[in-house]
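Sequences are here, hints too, so could you generate the full structure?
Those protein sequence lines, which keep their order, are chains A and G.
One point on numbering: in this note's numbering, the residue at position 14 of the first sequence is 169, and numbering is uninterrupted.
One point on numbering: in this note's numbering, the residue at position 34 of the second sequence is 189, and numbering is uninterrupted.
Bear in mind the hints are in silico, worked out from the structure with no lab data behind them.
Small disclaimer: the values here were computed from a predicted structure and weren't measured.
Among these hints, one or two may not hold up.
[As the list claims (entries may be wrong)] In silico negatives: residues of chain A with every beta carbon more than 10 Å from chain G:
1. Leu-279
2. Leu-284
3. Arg-290
4. Arg-318
5. Asp-321
[Claimed, not checked] For each label pair, taking beta carbons as the anchor points, the in silico distance ranges come out as:
6. G:Arg-220 - A:Ile-306: 35 to 43 Å
7. A:Arg-205 - G:Ile-306: 25 to 33 Å
8. G:Pro-283 - A:Asp-175: 52 to 60 Å
9. G:Arg-220 - A:Asp-175: 21 to 29 Å
Think of the CB as a built atom: it goes at the ideal place given N, C-alpha and C, for glycine as much as any other residue.
Read off the chains here:
Number of protein chains: 2
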Amino acid sequence: MTLLQDIKETFVAGSDEPGDRLHLEDLHVGLRYTSGTHAIDEGEIVAFARQYDPQPFHLDHNAARDTLFGGLAASGWHVAAITMRLQVESSLKLAGGIVGAGGEFAWPTPTRPGDILRVESEILEIKPLRSRPDRGMVTIRSETRNQRDEIVFALSVRLVVQRRTDND
Amino acid sequence: MTLLQDIKETFVAGSDEPGDRLHLEDLHVGLRYTSGTHAIDEGEIVAFARQYDPQPFHLDHNAARDTLFGGLAASGWHVAAITMRLQVESSLKLAGGIVGAGGEFAWPTPTRPGDILRVESEILEIKPLRSRPDRGMVTIRSETRNQRDEIVFALSVRLVVQRRTDND
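Following this line, the structure appears as structure tokens:
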């Protein structure tokens with residue numbers, strides 16, 4: 156099995172056939188879906204922070220105590236990245252993959268070592284693009300929540316989604 | 156030297172003394188600053204994608220060819236994380252660190268292997284918080300650009316910034 160095959164199999168996981176992947180026409184406003192879970196531990200928090208966000212409150216318990224966070228917390232961008240992973244593994248298998256154009260976000264609650272995260276999503280808007288008849292723009296609102304149901308990352312993102320063609 | 160000392164030294168790099176770190180009162184609307192650069196290579200793109208965004212266009216040249224990206228591209232969240240790293244290392248050394256509350260973003264151009272990224276930032280708004288006299292909210296607009304000056308990640312983020320107290 157080649158690497159390429161591995162990737163393709165990962166990509167269509169949860170779908171019986173590549174032809175089952177979802178196009179713009181298969182989606183509807185109000186569609187909801189929930190991801191699996193990810194338990195975040197201290198090692199992962201520190202490893203991400205060392206590489207991408209090396210600030211005391213993401214690196215070390217003692218250094219974090221006297222900061223705004225009052226203790227070790229994951230980088231917000233780490234929580235965003237985990238959210239992406241959970242979305243890629245979720246049941247919404249888009250034909251062209253999950254391709255974001257932009258959006259809005261908030262981190263209402265810090266993410267702590269031992270937290271168990273999941274993502275709850277809902278399609279807010281679906282718009283065909285006049286300029287590009289082969290695709291449309293879909294706005295998805297997602298809430299990444301911890302085991303206490305607190306929202307740690309709220310995201311409203313615009314995705315580029317393929318329309319169905321004669322070949323699909 | 157303990158780990159904690161290491162972290163503190165990283166944190167105040169570019170500042171002569173911890174007392175030189177910036178508080179809300181030290182900032183002004185229109186203040187601009189530019190980060191250093193980060194050259195992104197294929198290995199880094201694939202490593203991030205395997206962990207956080209395992210989709211064909213972020214993992215493999217061949218698989219990426221027939222996608223919307225037309226070739227290997229970095230995960231947008233990877234570009235966001237690199238942007239954070241460049242901001243932490245930049246000259247804007249905030250007293251409480253860089254603590255984001257939320258914001259808006261866009262990925263106008265894909266990031267490719269070999270791209271050299273830098274971040275250009277400007278303070279857009281400074282607001283003391285009535286509810287919390289010890290801090291304020293600062294909105295910073297940043298543009299992460301590649302070596303062709305194309306914007307690969309535009310971010311407008313609200314940061315929580317400490318006000319100066321009698322102890323500072």
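Against the structure, the hints come out as follows:
no., hint, result
1, Leu-279, "holds, 16 Å"
2, Leu-284, "holds, 13 Å"
3, Arg-290, "violated, 8 Å"
4, Arg-318, "holds, 12 Å"
5, Asp-321, "holds, 17 Å"
6, G:Arg-220 - A:Ile-306: 35 to 43 Å, "holds, 38 Å"
7, A:Arg-205 - G:Ile-306: 25 to 33 Å, "holds, 27 Å"
8, G:Pro-283 - A:Asp-175: 52 to 60 Å, "holds, 54 Å"
9, G:Arg-220 - A:Asp-175: 21 to 29 Å, "holds, 23 Å"
Going through the hint list in order, the structure does not satisfy hint 3, though it satisfies all others.
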